Each structure stands twice: as C-alpha cells, then as structure tokens.
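Participant: Below are the chains, spelled out letter by letter.
Protein chains: 4
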Amino acid sequence: MNNKKIPVAIIGASGYTGLELLKLLITHPIFEIVYIGNSEGEVRVEELHPSLKGVLSQSVLKSNAKEIAKVADLAFLALPHKTAMGFASELLELGVKVVDLSADYRLELDTYEAYYCKHTDKENLQNAVYGLPEFYRNEIKNSSLVANPGCYPTAALLSLLPFCDLIDENFPIFIDAKSGVSGAGKKCTPKTHFVSIDENIFAYNPLMHRHQPEIAEKMRLQSKKEFDINFVPHLLPLIRGEMVDSYMLLKDEGVDAPSLLKEFYKNERFVRIYDKPVDIKSPSGTNFCDIFAKVEGKKLYLNAAIDNILRGSSSQAVVNANIMFQLEENLGIPTISYVP
Amino acid sequence: MNNKKIPVAIIGASGYTGLELLKLLITHPIFEIVYIGNSEGEVRVEELHPSLKGVLSQSVLKSNAKEIAKVADLAFLALPHKTAMGFASELLELGVKVVDLSADYRLELDTYEAYYCKHTDKENLQNAVYGLPEFYRNEIKNSSLVANPGCYPTAALLSLLPFCDLIDENFPIFIDAKSGVSGAGKKCTPKTHFVSIDENIFAYNPLMHRHQPEIAEKMRLQSKKEFDINFVPHLLPLIRGEMVDSYMLLKDEGVDAPSLLKEFYKNERFVRIYDKPVDIKSPSGTNFCDIFAKVEGKKLYLNAAIDNILRGSSSQAVVNANIMFQLEENLGIPTISYVP
Amino acid sequence: MNNKKIPVAIIGASGYTGLELLKLLITHPIFEIVYIGNSEGEVRVEELHPSLKGVLSQSVLKSNAKEIAKVADLAFLALPHKTAMGFASELLELGVKVVDLSADYRLELDTYEAYYCKHTDKENLQNAVYGLPEFYRNEIKNSSLVANPGCYPTAALLSLLPFCDLIDENFPIFIDAKSGVSGAGKKCTPKTHFVSIDENIFAYNPLMHRHQPEIAEKMRLQSKKEFDINFVPHLLPLIRGEMVDSYMLLKDEGVDAPSLLKEFYKNERFVRIYDKPVDIKSPSGTNFCDIFAKVEGKKLYLNAAIDNILRGSSSQAVVNANIMFQLEENLGIPTISYVP
Amino acid sequence: MNNKKIPVAIIGASGYTGLELLKLLITHPIFEIVYIGNSEGEVRVEELHPSLKGVLSQSVLKSNAKEIAKVADLAFLALPHKTAMGFASELLELGVKVVDLSADYRLELDTYEAYYCKHTDKENLQNAVYGLPEFYRNEIKNSSLVANPGCYPTAALLSLLPFCDLIDENFPIFIDAKSGVSGAGKKCTPKTHFVSIDENIFAYNPLMHRHQPEIAEKMRLQSKKEFDINFVPHLLPLIRGEMVDSYMLLKDEGVDAPSLLKEFYKNERFVRIYDKPVDIKSPSGTNFCDIFAKVEGKKLYLNAAIDNILRGSSSQAVVNANIMFQLEENLGIPTISYVP
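Chains as they are written, first to last, in my numbering: chain A, 0 to 339; chain B, 0 to 339; chain C, 0 to 339; chain D, 0 to 339.
Chain A with its partners taken away, still in its complex shape (with noise of 0.2 angstroms):
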C-alpha cells in the first residue's frame, strides 16, 4: 500500500460541516490537513471548536486561495453559497482540486439563478460534477470540482432514484422531510433559540425550499422524466440527523420495493435497506443511508434516514475526494452509530 499523503485544506472551518471535515479528516489514512481557514483567521482550532482541545491545536488563518495552492491539493469548501464561488473559481485556476459543501455547482444555470443568485462562475459550473458516489462515480473520478449534494436531496434521491421507471409521473411526488437543528446553521436566531424548538416541530418554506428543484432537476437528468416535486420541510428539537418520507403513485401495482432496493445497492457499502422503519439515530455519527420502503397497491412509501451533517455533507465530501483521488472509497469513512 502506498501511504503517501495528499495534502488538503478546509475552508469555512467555523461552522457544523467544517467541524465534521476537521474531525474526519485528522484520523483519514492519507488526507493530511495542511490548511485552515475561515473568514477571520488569527485563532486556533480548539478555540473555534472547545471539544478539539487537546486533539487538534492548528492556527486558523484568514481564508487566501493563493496561500492555500502553495500547500494543499484539494480544498473542501464549507462555505455559504455565492462566498464559495468565488473561492472555487480562483483555486481551480490555481490548479486545486474543489469539493464544494455549498450549491454553487449544484444546479443547471437556470434553476441555480431562479432560487439563489446570479452565478459568477459559469464555466466550471459546467463542467461540475454531482458528488452523489452511487449515481456519479465514474464522472467524480475525473474531475476536478464536485459539488456536494444538499442533505434533503442526498436521502430523498437514494430512496427515490431506483423507483425512477416505476413512479407514475402524472401524479405529484410528495416529500415531507424533517431535520435536526444542525441544520440550520450556528447562526443565532430565534428558529435555534432553545426554547423556541424544543418540545416543538414546525413546517418551514413548505413547497418553496431550494432543495426541492435540486431533487427535480437530478431525477429529471437520471430519468429523463419530469416529476413534479412537492417538498416540505420539518424542523425537530433533535441536533443531528434528518428524515426523507416521500409519498407516490407507481404506474403498476404488484411492485416488491425492498426486493427492488437491496438489488439495486447490493454493491453499496453505505446504503443500508431496512425491513421496518428507518430511525434517525440510526445512521448518526456514519456516512450511511438508511432506507425503508412499503407499497400498498400503487402506493409507495419511501423512509430514509442519514446524518445530515455527514452523509448530507461533510463525510459524503470526503467520499467525494477520495473517489477523485483514486482512493478506496471508504477510506476514513465512518461507519459505526453514535447509537446510544
């Protein structure tokens, strides 16, 4: 085995994904994290992150793409989107390798501009590829920028891209997702205050979330079919982890879904197809997706569960990464539940 170590960055380290990609990344075999930055600089790590004390004591420096390709191969980015373009666009230039957490390369140019903002970078954007690993493997093998799958999208399309064929497509889809307020960002609000979630649930953009285009528009290029996508998302008074429960109608009754999808990921080590409901717990602290489907007639009923924070971000990016560098996939990939 050759244990070179490739030298890696990341950017945006202040924030939820950014901690995960530090923590996963300080025990990957051979990513070496050779930079860190974030929008300030000038602190140390475990002054940014009081639970890496004694793990992890680096300088955080103020983010500069030139600094960052003297050192590193690859830079993830955990930044918000429009600040992650600009960053991409000058690192690729400078011959980084990019795993983007953001949905600046998300997105054909339409949608991506119908719900964020004008894009500045739009030739790579073209050339981005869907880090999703079981769908895009062979395209994130030979690229040099990926764009990470949003979390609501990475457990709705594992359950629903197998059925692509199946789903009649003259009938709504419907999504009723729920997360945890990771999600949500560090940023102080009064979504995140404490008492206002706790012993509470509530809807937010329901039918308007920018992640229900993203699961349009990849089911639409997987398929070539036009379904119509209806999203609505949950916040729980829980930290981690996030549920996808989607509700459709098959062109034909008489469908065996579990048969369906233990075939269809029967070589996938982090797809995992369950004979009873999916719990959020579950797969949390692990880069699995866990799935479980029931059809009543035409009827389908598809439960997945991931961490949001690793499979819907930061452990999918480095799954990413190691594909781009020809790594074994699974290579400092967690596996093993935070469970109890």
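Hint data in this document are derived by calculation from the structure and do not stem from the laboratory.
All of these numbers come straight from a predicted model, not from anything done at the bench.
Check each hint, because a few of them may be wrong.
Same chains, same names: a pair is fine if it fits in one copy or spans any two.
Pairs of lysine-lysine, DSS-like flavour, derived with a Cα cap of 30 angstroms [claimed, not checked]:
no., residue 1, residue 2
1, K52, K275
2, K186, K293
3, K52, K298
4, K52, K140
5, K96, K69
6, K223, K297
7, K224, K298
Based on the hints, put chains B, C and D in the right spot on chain A.
Facilitator: Structure of chains B, C and D alone, referenced to chain A:
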C-alpha cells in the same frame, strides 16, 4: 346563572389522559369530581400523580359501576379499548351518561372488528355519537354515550373535512403524522425508554395504523364519498402534542384554502387558522386545533397541530360533556398555551 | 365578594416573564390588563406571542409612564435592571404601585452597586419591600413598591431560611443550582442556541453570580448572622424550572429537617414538603416551591424546585400584587402542574 | 510493530456498555472480537443493536466460560454485579484475563458486602486491581483481573485525588453529580420513561448511593487519610455524559488549583484541564476527563465531566486491557468528540 354542581366520575385515573381529566375537572365550575377509579384502587391521587400534591387528595377506588351510578351523573372512561365497553354498557344501563375516551364506540361495527376485536356492546354502539363537536354538536347534545375521537383523527378531520367537496377522490390522500411520546402511553417499553426516542424520530405502523380507518370512515359519513386515506405516524422526541400533515389533489386549481378555512370555522372558538405553518407547541396546554393550508395548482397541503392529550383526548372529552349537559361549550376549557 | 376590577399595566411584555404575566392576568378575577407596553410598541400581543392568538388581541404600546398612570393602579415591570428603576421612580411619583421583577430594588445600596451598576433611585430603594411573601407578607401589604425576588434566591431562601438558627455559620454553605434555558432569556446567543445546550449541561459564573449576594443579604437580614454563601449555577437542557441543592453543616446532630419544614410551612399554600427528592417538573406551571431535606449527622442537604418564570418571577409577582391590594393571596395563582 | 491480533470476548453484549465495547473493539488494531455473549444467545449482533447493521454480523452466544477460554485471551465482563463474579472466577481459573465492568472487584470486602451483597470470590478480590490508569498503571500492567471503576468515581477521583494533601479532612466534601439516562441502564422503568425524565431533573439515592464508599475508599488508599464523602447524584434529560461538581475546604488559602492540575496531569493523554467550566458534551464520544477548578479563599470548587459509558466504563476498560497486554495505552481509544 345556575351554579348547581353536576357530579362526575373519572374511570382510569392512572394514565396521562386520566391525569389531564383530573386537572381539567378540579377547576371546572360545574362538574364536580365525586368518584375517581382505577383498576387497583386503594391509593390517593397524589400518590398516583405526585404533581397534584396539595391540590387534590381524594382517594382512588377500584372502579365499580354500581358505586359510580350511586353518586355520578356522568362518567369519563379513560380505559383501554375492550375494557371500556364493558364498563360503558353497565353504566348506561344504570342511567349514567358516558364519555368514552377509548376506541370502542368510534367506528362502525365492521371496521371496529376488523381493526380491534369482537364488539360486545353492539346495541350501544348503534347509538353512540362521535364526539367531534364542530361536526356532531347537535347529536352530542342529545346523546348519553359520546365516543371521544382519536387524537390523530381529531387533527386530521378538522383540517380535511372542510375540503371534502373539493378534493379529487380519485387520488390518494397521504397523511404524515407526528406525535409526542405521551401518545404512546405511560407503559414502560423499549420504544418509550428515554434513550430510544431522545434525539430520534421513527415511523410506526406505516399505512396500517388504526386511526387510518377512523379518518376514512368519518370522511365518508360526512361527504358520502370514499377517500383513499394513507396514514404514516411518527414518534417525536417531545412529550406533548401532535402534528398532522396531509397531501392531496384538488379537483380544480384556484382554491383559496386559507380563506375557505377561515370562513368555515369563523364561529368556532377552538379552531385557529394561521397564515404560516403551525407549530406543535402553540396549542400545547389548550383545546385549540391550529391549522395552516397551502395550495399549489391542484395540490393541497394541510398542516394541523393539537395537544394530543387535551384536544386529542381529555379537554375534547370535557367539551363533549359540557354539550351533553347543555352547558357553555368552553366552560373550564383551557385556551392559554404552555408556551414557553 | 366585591368583584370590582383593578386596572393594571404590564411593562416589558415581549420576554418570557412578560408572557407569563399576560397569561396569569388574562384569567385573574380582579386584576384587569389595561395597558401592555414594550420598548417598541405598535404591535399586537398575538404577533409578539403567537400562542395567544384568539385569546388576547390587545395592542402593545411603546411604554409611557404618564399614559400608564392615567389608566392603571399598579404596574408590573418586566424590564432589564437599570431600565426598571427609571420607570419605577416615575410611576411611583405618579401614584402607581409597582411590582418590579428586575434586580433594581432587591438589594441594599452597596451590594447593588457592587454587583450591578450605579443606583439612580436611592429614595425608593429605601422603601422597597422584598417580595418573598412567606417572609415579608406584612411589609408587602403596606408597600407601594415591591422588589420581586430573583429566581434562584426564591428557591434558595425558602429552603434555607427555616434553618438559619441551626446552621453552623463558621462553615460555608455550598449551593449547586440548575436552571432551564428560559432563565437565560429570549435573546439569541451562542449559549441559548439549541445545538449548544441540547444534550448538554454546564456551570456559568461559578462563585460569582449576582444571586449569591442576594441570598446572603436576605439570610443576614432575617437571622442577624453572616453566612458564607457559595453559589454555582448550571444551565440545563430544558425550558422551564429550576432546582437548588444546598449543602451545609448544622451546629448539632439530631435535627429532624423534614418535620421542621412541615411545621414551619404548615400554614403556607405555596410551599410543599416532600419525603423524597423533588423534581423540577412537578412545580412546573405553578407557584409552588417544592422542598426535600435530609440530614446525616451534622450535614444538611436541601433540595428545592420551582418554576423559574412563575414562582421565580411572574406568579410570585402576582401574589405580591394580590397582597398589596388586600386580595386573597391565591387569587388567580396556578397550582396545577403542566405534568406530564 | 508487531501486529499480531489478541483474541478477546465481550460478555454482556446487550446493554449500553456492551454496545460501546463492541463499537470500540470493531476498530481496535490489535484486539479482535472472537466471542460475543449474553444471557440468552442465539441472536445476531445487528438484531440486538440495529445501528450496527452492515458493520458487524457475528452471532451472539449464550455465555459459557469454557468456550470463551478456548478462544479468548481476555474477557470484558459487562454484567450486573454478582453475576460478574461468578464468571470472573471461572475465567481466571481457566487462564483468561478479565476486565470486569461491574462493581464486584472494586471495593474492599467489608465495604462491598455492606453496600452490595455477600462476596463469593474473596480470593480473586484480593488480587484485583482498581482500573483507574492514571493512578494504578503499574499494578494494572501485571494484573490478570482489573476492576473497572464506576462512572461517578472516575470523574470524582480524577478531580479530587490531586488535592488530597491540601483538602481539610475535618470538613465534609460535598459532591453534586449529574448523569445522563444511559447511566440508568437499558431496562424500561418509570424513571427511564421518556415522559418522566424529559424536561426534568431529580436527585436519587441522596447521600446513600453506592458510589459514595467507592470514592471514599480510593481517596483513603491513595492518601492514607479519611475523607467524609457526601454524594448526591441527579438524573439529567440527556443520553450520554456525566458531570461531577465537588465542594470542599482546603487547609490553606492561596492554592492555585488550575496550575496544580495542569502540572499533575501534564503527561496524561486523557485528562484535559480547562480554564472555564467544562460541559458534558465536549468529552462525549471520547475517553477524556475534562476538569475545571476554582478556589475562593479556602474553598475549592471542582467541576469534572466525562462520557459515562466510555471513560466511565467501556473505553476505560479498553485502556486497561491495552495496559494489561503492554500495548500503547491509547490504542483504539477515541479522542474525537461527538460535538455537535
């Protein structure tokens, strides 16, 4: 005003809904608790429910229908299904009115026997009234046996029934419901262990929960149409409250769902129509059902929340009792939330 | 019974204690809310507190002492310290009685200025009465300015004061206190972010919290002895409630602490003495202070729990107002817990 | 490096500490799980612990000492006290080393029998070593029976022992401890029901918990002085973690407690000294014990936190096993927190 007290009994005082009945009736201006029973007896209320220390020190007796009939005009039955119908038939025979919080008198015979067990009190079943006051007020007034609705059906029906004439019954209605752990009862089971459900969520009995036929039957009875109800409940890591999200197709575009709801419920005290998604905590501690609706083309999204052990059980039971005795419907019924 | 209404104002209606005051006074049989103020005004109550939709739709005004004096006989001030004393002095000058929920009139001048800021209303400070009804009932009766106690001091003093003559003041008293997040206020800060405090607990301001001198001063005033109070508060992952555990030495062995407490509080409605450790949830939603005590040799362990925003703030404020107007102390004061 | 695997058994694989042992040993570079036992057997690991689906599919056997001795060099016993000593004596007789996670070998005979039950393996009890590595490292090295410390004693002793010579033993030490619900075990009881402990906290067994004599005995053995330990544990509404707050008097003023701790533990990998109060979540998922100390005059406040089922049980057990086999102490021992 005639302040003459009406003596009532609470049978099944040990569980959560029994406790809520006690709390409601302690402060009720007309109903007076004269008998508190459970299956064991020989205990004081404050031993069963230490939070009532200094508030209520009556004795709890081993429930006995004949003794109840000597002292009470009405009995609330907070018993498991099957046990309830035994008591109810005896009490009715003895001239005691009954509000039954179990499932025993909620359904037509065939449906009941398909989902629960053999029915042993068919005679009374025929005369029982379904205690959803907004829809069965007049029947409740003259009834001596009211079947208090299930918690999920209460929220589901209050949001769905106003749309019966507009919904396209050729397509399924998908209901994604979420309940706090008090809905699973006081019994200690692996599901209700703190470590199992804290930081977690999972679906249970998907597409086969007993509340599915209850919702379907009442919609049929109100509308004379068959709807295909598909119900998936989830357990949430919180104590109190229930959210019911429903997804369906309307026959036509252009329905102004919020206005329709406001008009429909304009004279109802205990239904609130919101212009943004509801949360589970705002109706907590009250008898309110909070509803939000959104239409996109022909698609209708309904989002309702109640306190599962009040509006979904005990406070709705007291409203029914108020109606049965021609009292003001809101007598002793809480409207002030536990928030924060 | 004379049912003549007494008009009152709530100043500072936006926060948690303001909300609790609103909830208590909506149903109070004598006090009538005639003025609701906050620092901004021009908003309806149900916009500030959506859970009150359909219950209270009064307007909230930009607080103005002169306007308040025109309509109200008493004002509850739920304001930050320093802001409170400005309002209080103006209102008292205009003949309005005041129950101040802030710290501004709780302490002797020197202590106040050492722990808070310069005091600008020394005259009224001299006449203010400390609103712990069990110990200052007579003084409250004749006062026009009551300083409502801090939440921790309420639970600490109610458990400690009965033992003043028995405690060995040559040794320190150690108080390990725990509070729900509502005690940290509605402001969105890193500490109150759900992700920070959920599944967590931490001490804050150990041995230097402002409630330490308040406890020490009141013990000195009641006992004419100096006690060495050492106070370490913790933040708990829950919304409502506070537990105060105190550890100390008695002068002698053989003290029967439970009996002493029961005797001491035998005529008090709002103190409950338990024979086993108390929990934080039983008094939740009420004005009770629950206390358990245990002696081992000369060592005394006291364990007290209250609802921090009711007994620790708003319901105690209403008790004080009841006393100031010679009403029954328990008028409109909740005793029925939110359990489950 | 010699990578020869060492075969180990886990007995008592059903509970939380059994699960943690499995999770730790799956990824341990030297120890290899060759035997997994519980009291029933005939089940696969992923049935007992569904979160391990796809990770470990070994069979769980009905524990049998003779079978274990055929395949394993060491057994971890995650059994109830009393059951443990039966197994341990048999295994030791058969030449298998034992790390016992129960209380059976932690205490001197008299103390054990006073607080637990009759001891049936006095011979091995005499030779058992207390597995707190920072203090008993050398004894552990040469032992074949290590008694893994209790969770509370681990955090209490690590914070208290450095101060033994400075503490005034004429004054009691008061320990106010707080534990997550995993500490109460997997058994479904009224205390562990979600509705009982969510939004709640309560003390249990105040001044009479079995961990009190364990702390006292080890302090005496280390210091040759008698300390008066007074221990009050509380149950917290969270899953994982434990905080131990200790209050005491020092003989003299002027002690620089933080510096003393930093010096004392400067060569220890698994103890972190903080300059501000610790939280329960930062060491969660790791073997760290986090400590903060503050002195006021002669008063000392100690504030320690650990993961109760890792440092307080399973990861400390693996550290002990590492030492028993002369491996690096940190081999396979987690240091990266579950935060957020």
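Participant: Against this structure, judge whether each hint is valid.
Facilitator: Cross-check of the supplied hints:
{"no.": "1", "hint": "K52 - K275", "in the structure": "between (40 angstroms within a copy, 13 angstroms between copies)"}
{"no.": "2", "hint": "K186 - K293", "in the structure": "between (38 angstroms within a copy, 28 angstroms between copies)"}
{"no.": "3", "hint": "K52 - K298", "in the structure": "between (51 angstroms within a copy, 28 angstroms between copies)"}
{"no.": "4", "hint": "K52 - K140", "in the structure": "between (35 angstroms within a copy, 28 angstroms between copies)"}
{"no.": "5", "hint": "K96 - K69", "in the structure": "within (13 angstroms within a copy, 53 angstroms between copies)"}
{"no.": "6", "hint": "K223 - K297", "in the structure": "both (22 angstroms within a copy, 24 angstroms between copies)"}
{"no.": "7", "hint": "K224 - K298", "in the structure": "both (19 angstroms within a copy, 20 angstroms between copies)"}
In this structure, every one of the numbered hints holds.
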